[in-house]
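Chemist: Starting from the known structure of chain A, arrange chain B on it as the hints suggest.
Listed in order, the protein sequences are those of chains A and B. My numbering applies: residue 1 is where the first sequence begins, and numbers increase by one. My numbering applies: residue 1 is where the second sequence begins, and numbers increase by one.
Among the hints, a few may not be true.
Covered stretches of chain B, as calculated for chain A (at least 3 residues, CB under 8 Å) [to be verified]:
no.	stretch
1	46-52
2	94-107
Computed footprint of chain B on chain A, listed as stretches where at least three residues anywhere in the stretch have a Cβ under 8 Å from a Cβ of chain B [claimed, not checked]:
no.	stretch
3	48-56
4	183-196
Hint data in this document are derived by calculation from the structure and do not stem from the laboratory. C-beta: ideal position from N, C-alpha, C; glycine also.
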Amino acid sequence: MSAAAQPGFKARAAAELSNAALKVAIERTTGNAERKRAAAVAAFPEFDAARERGRAIKDHVIAHLDHYLEMFERNATAAGAKVHWASDDAEARAIVTRICLDADARLVTRAKSMLGEEIGLPHALADAGIERVETDLAEHIIQLAGERPSHIVWPAMHRTREQVADLFKAGHHPPPAADDPGTMVQSARRELRAKFLGADVGISGANFLVADTGATCTVTNEGNAELTTTPPRIHIVTAGIEKIVPSTAHAFALLRLLVRSATGGELTQYTTFHCGPKRPGDADGPEEMHIVLVDNGRTRMLGDEFREMLRCIRCGACMNHCVVYRQIGGHAYGGTYPGPMGAVLTPVLDGLAASRDLPHACTMNGRCAEVCPVGIPIPTLLRAWRRRSWRAGLENGVPRLAIGVWAMAARRPRLYRLASRVGVRALRLFGRRGWIRSLPLAGGWTAYRDLPRPAGRTFMEQYRANQAAKGARR
Amino acid sequence: MNARQRILTAIRGSTGAQRPVAVIAAEAAALLGRPEVARPGLAAPELREAFALKAAAVGTTIDHLDRMAEVPAAVRRYLDAQGLPAAVALQPAAALAGLDWGGIATHPDIAPDEAVGVGLAEWGIAEGGSLVIHSGPDNPVLLAFLTLHHVLVLREDRLLPHLEDYALAVQDNPQPRNAILITGPSGTTDIEGSYVRGAHGPGFLHVIMVRDSSDL
Chain A
1 MSAAAQPGFK ARAAAELSNA ALKVAIERTT GNAERKRAAA VAAFPEFDAA RERGRAIKDH
61 VIAHLDHYLE MFERNATAAG AKVHWASDDA EARAIVTRIC LDADARLVTR AKSMLGEEIG
121 LPHALADAGI ERVETDLAEH IIQLAGERPS HIVWPAMHRT REQVADLFKA GHHPPPAADD
181 PGTMVQSARR ELRAKFLGAD VGISGANFLV ADTGATCTVT NEGNAELTTT PPRIHIVTAG
241 IEKIVPSTAH AFALLRLLVR SATGGELTQY TTFHCGPKRP GDADGPEEMH IVLVDNGRTR
301 MLGDEFREML RCIRCGACMN HCVVYRQIGG HAYGGTYPGP MGAVLTPVLD GLAASRDLPH
361 ACTMNGRCAE VCPVGIPIPT LLRAWRRRSW RAGLENGVPR LAIGVWAMAA RRPRLYRLAS
421 RVGVRALRLF GRRGWIRSLP LAGGWTAYRD LPRPAGRTFM EQYRANQAAK GARR
Chain B
1 MNARQRILTA IRGSTGAQRP VAVIAAEAAA LLGRPEVARP GLAAPELREA FALKAAAVGT
61 TIDHLDRMAE VPAAVRRYLD AQGLPAAVAL QPAAALAGLD WGGIATHPDI APDEAVGVGL
121 AEWGIAEGGS LVIHSGPDNP VLLAFLTLHH VLVLREDRLL PHLEDYALAV QDNPQPRNAI
181 LITGPSGTTD IEGSYVRGAH GPGFLHVIMV RDSSDL
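Chain A extracted, bound-state conformation (with noise of 0.2 Å):
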């Protein structure tokens, strides 16, 4: 779904900040995921030298992403599998459905992937009259409860146990026993068995695509990945075209970093290279492969000043460690990938005119640059996407209005100072004892939070004050 489908930003952030049990969720996986990532760094002294190596890795390759697909292309299409090429998502959506459709297949198991979700594959399935099955535990909730994920490695981490028994009693037959955690994953195990056998296609992301290979990666710890990737007849791979790594050692590299940034272990329970289609003589395995290679705005980051966020390796770090982000969760962003990460890259995939609010929802303290395991510069690429707003004409209003009135008067130093003067001598008369609690026109302010009661003088008349009592002292 795009931005402008939906209620505005800040209505749908005030929704969320309403939400109680919303901000318990967010507040045990994201602090769960804090500390845990913190002791994974703790026990990796060779953190910042591996973080430094990954971050010459993605730019290697972005430099040379030509060369690599090409490479990865020609290896893929060696080991039996079909590559295909999508310039945009209406593009990638029609070529996995066609598969599907040539096919006839009427039951697909799908492996969690957010470029699916980012081109709408979901919806796409539906609209072709396939059944699909959401075989990752947190996208078989979210499927359950039809909604979108809200972060990207636990996309229902906004749910809370009883309403996830709840989810679980009216969709599994036999509904669960208890609803304990252990339980309900039983449940979802017994559930989702069937599925896995009788699927026609199953389709996957990639972590990575080993370009010296042409073997694409997954990363999981439930195994759900290889029992969609195993039994059915076709198995179809959608994945950004900056996946790519060189070789398999490069790809290790960046898991190091990956897994330890996302959840804090040191190797996720299952990493996967699928190359090509099962061989001759092969006891399993499909018996076509497809990957579909998806742009969608990727080569126009590439040329801009949003190149450097192509090195995102998707580990969700700067979500957990968002100040914003902790207080709102993954569906206000509104786009597919919520958060820093998303800010970023949502207007690339819906258009600033849609999603203009999210580079404003920040903060800029700079802690999803601190903890990104590739080093991107995230709170300047969101100041590009301000820069972008404005002088597009997207910041219109108050703000506008405001900051032209202030450049105005900066330009002239005795309007400012007059109007300096004046403005903290009138400030005075709303404060008590030392803060001001209400303020007409700045109720957005004062609503939440005091502000202090100026001291009455200008930091200049302050400063003159200051220097003609020590010249009277010398």
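Modeler: Below, chain B alone, put in the same frame as chain A:
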């Protein structure tokens, strides 16, 4: 212009003329130089101990044997300890099929709710306590995923120190359809972040380490 040409043309418009392939390859190789400065050290000086420490830390259970011939008895001990019947899905690999399984009924097919699968690890990686399996005619991938208990036999001469050592060890071999690094039993933290074992794949991962596999 088709999508492929559009994408490649757009990339070249931004990155400029392509440098010689050898130069790109040299730069890519240089990015992996001195790997020791950018990876974690081993948990112990000795490979088998380092592997065992890391594997245990992610919930893998471990048994140590001297010889391959002892494997069926070790599997039997595991089945008894877990209260499981003496029947396993066995990977059709020569090294396992050639053993005397005595009282354990083995079968090659894997049921949708198979209780126990016994297979052979291609490699072990000490860095994170990972086991590597490769798909092939004698190794169905589903053996590692449909089973509730996954038992892997690891020959100690197949232990490698780091992830890069695995990449190096296989680089001249044909890539299998699936190369899978298994690091602990399947799990999930998707409900309120609480860790639950056995999400879709095995809830139990048991490794039988064999010191001397020359009797293979």
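Chemist: Please go over all the hints and tell whether each is borne out by the structure.
Modeler: Now for the hints, and whether the structure bears them out:
1. 46-52: violated (count 0)
2. 94-107: As far as the stretch 94-107 of chain B goes, the hint is violated, because 0 residues have Cβ atoms under 8 Å from chain A.
3. 48-56: holds (count 5)
4. 183-196: holds (count 9)
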